[in-house]
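Numbering (my numbering), first residue to last: 1 to 80.
All the pointers check out, no bait thrown in.
Ranges of calculated distance between the beta carbons of each label pair, as one might list FRET restraints:
1) A50 - A24: 40 to 46 Å
2) A75 - I52: 32 to 38 Å
3) E45 - I22: 42 to 48 Å
4) V61 - Y31: 44 to 50 Å
5) S67 - S46: 27 to 33 Å
6) Y31 - I52: 30 to 36 Å
7) T66 - Y31: 51 to 57 Å
8) D59 - T27: 49 to 55 Å
9) V40 - A64: 34 to 40 Å
10) E53 - G33: 26 to 32 Å
11) Q42 - A64: 28 to 34 Å
Read the hints as simulated data drawn from the structure, not as lab findings.
Note that CB positions come from ideal geometry on N, CA and C, so glycine has one too.
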Amino acid sequence: SSAYRRSDPLSGQDGTTNTANIGATLTIPIYSGGRTSAIVRQNKESLSQARIEVDVSRDTVRQAVTSAWTQYTAAQQTVA
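Using the sequences and the hints, build the whole thing.
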């Protein structure tokens, strides 16, 4: 808030007064019940699970490619 006051020189008071006040409130929780660490743990677990799924998918693709290549080379030998 702010205020401005100018006194009337005829009343015996003279001068100007400027006043300003500023206030702020900051709230920081001291304890959140472990919520933050639980979220971090959950996200780490989700990341680990996603990495496992990528590895499984990679192995499945390798196996499919190997099988297809084996069938292809066998078919070439049959034709030749």
